[in-house]
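Undergrad: Residue-level listing of the chains:
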Amino acid sequence: MRVVSLLAPSVAYLLVMFVFPFAYGVLLSLRPKGGGVSLANYVAFFLDPWQARTIWVTASIAVPNTLLTVLLALIVAYAMRGGIWLERTITTMLVLPIALGTVLVAEGINGFYGPKGWLNQALLSLGLAEPTRLTHNYTGVMLALFVQHFPFCFLMLLGYISGIDPALEASARVLGAGPWAVFRRVMWPLIAPGVAIAGALVFVMNFGVFPSAVLVGQPAGATRTIAIAAYQEAFEHYDMSMASAIAVVMGVCQLAGLAVILFLRRRMAGTGVATMGAGKR
Amino acid sequence: MRGRLWRLAVFLFVVGFVLNLAGVVGHVLVSSLARRWFATPLPGALTTEWYAYAWREFQLDQVLGVTLTVAGTVTAAALVLGFPAAYLLARHDFRGKGPLLLLFFLPLLVPQMTYGIPLATTLYRYRIGGTVAGVIAANLVPMLPLAIFVLLPFVEQISVSLEWAARVHGATRLGVVRRVIVPLALPGLLTAGLLVLVNTVANFELTFLLSGAGSQTLVVALYYAVFAAGMRPIYSVDAMAVIYMAVVLAVLVLALRLVRPTQMVFRLDRRD
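In order, the protein sequence lines correspond to chains A and B.
In this text, residue positions in the first sequence follow numbering that gives the first Met the number 0: the first is 0, and each later residue adds one.
In this text, residue positions in the second sequence follow numbering that gives the first Met the number 0: the first is 0, and each later residue adds one.
Hints listed in this document are in silico derivations from the structure and should not be mistaken for laboratory results.
Watch out, some of these pointers could steer you wrong.
In silico SDA-like cross-links for lysine to any residue, where the CA-CA straight-line distance does not exceed 25 Å [said to hold, decoys possible]:
(1) A:Lys32 with A:Ser240
(2) A:Lys115 with B:Lys96
(3) A:Lys115 with B:Tyr50
(4) A:Lys115 with B:Val176
(5) B:Lys96 with B:Val29
It should be emphasised that the depicted structure is a prediction, and the values quoted were computed from it without experimental measurement.
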């Protein structure tokens, strides 16, 4: 009895405000504007090239960005596992973009990387004439997402890697393993689960990109992501049914990405290397 | 030698990234203080007039009021609803705990754009969308689980024997909660509260989808200002961005001042 009364409010809240809208959205997506119950919304979405290509546009941002973010974060976190000069200052600085959020980072990138920003000024004064355009296009969105997600991914992996017993690495060294062998045979099998989780989170966030794609990108063309398409249906065409259908497609794509990452992770776990004593999480 | 070069490259990358961050934040700061600024390293003349302009033109008094109302209410509600749940999850094992934890995890994992659209559809249908109440209700969806998961380890630190001792000495159930559990869980409540506060102030997507004319928070108002760049001088948009940054950083600094989570946990541990 007590159990129910303590948990009931939170559970009820999430059922009403999270599970119910989700179910409602899925049902709504199956009841197109014209009436009846059908898959018309989904058919229309996939047959309209202007809408269907948003999947490709989003993936062409989300996939490379996730790979780049995770790879660089892994390299830096791995190199910093034994501590580094100014570590506290650096990690504190890295919390900034996470705390400030996408909109502020977008505005800052528009200024700093913009045609008249400090970066282009520096490039010009170095004699590198004809600076390339870095904002309001694909590059701008990639930059914004990287600035936003690299610190997040890095801090997560740093926590994961520092949880690994340093004695394991020391033993491998004593037994004659070089730096690469230590990484490949000892550390990587222990780090891989953390990398998979970080990669999954970054991918899912990247695939739902909205404010950066609008503010630093080219929302009417090169960076019209699937979230923008869903938003436009809902709040510009007031077709909630179609908007829900697009949200469902977006969710399915995110799930598919997760499935691929989990599949790769399982394949890697099957290499026969012991994974005992993994990180603290 | 190769190892050294490698470490140097990594260090240079990190320094580059931090410099780039400083540039991104610094540009907004300098631009907000510039009278005019065109393709020079620094603006010729400085002024603070854009702050007054932004305050007036973007109706920041009203926007800040909404922001504080939303953040305050969401924080209070997340703690009031979340603390009992966290207590129960920390103390008891029961059937169905796994699926329940999954239910709490999902709003944190699923991106807000994905569930925000069906949520907005539902709330607009029941005429809550577009109001301050709608913004609060939507923000509570990810913030309640956040509060629960932050509180969980703090509650786990409190020894059960303290509760038993209090009961043996004649404390009522409510007395135990009021005099023993809540005081010991205070560091957790503070940490969770400040985290929820910062996150709600900076939370964009759900607020954006649910807010109407009079219910925009600072970050959503900033989005519209950046989106409509060209309508107003960019310096005033940047002034607004600095005001937003100041609000977030104030809460963040307060959080780091008041609570050092690791220390608190350690001290409680020793006291058992």
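Undergrad: Quick one, are Lys115 of chain A and Lys96 of chain B close enough, alpha carbons at most 25 Å?
TA: Violated, at about 56 Å.
Undergrad: Is the straight-line distance between the alpha-carbon of Lys32 of chain A and that of Ser240 of chain A 25 Å or less?
TA: This hinted pair holds, its Cα atoms lying about 7 Å apart.
Undergrad: Does Val29 of chain B lie within 25 Å of Lys96 of chain B when you go C-alpha to C-alpha?
TA: With Cα atoms ~52 Å apart, Lys96 of chain B and Val29 of chain B exceed 25 Å; violated.
Undergrad: Given the hinted pair Lys115 of chain A and Val176 of chain B, is their Cα-Cα distance within 25 Å?
TA: Cα-Cα ~59 Å, so violated.
Undergrad: Given the hint that Lys115 of chain A pairs with Tyr50 of chain B, test it: the Cα-Cα distance must not exceed 25 Å.
TA: holds (22 Å)
Violation of the numbered hints given earlier is confined to hints 2, 4 and 5; the remaining hints are satisfied by the structure.
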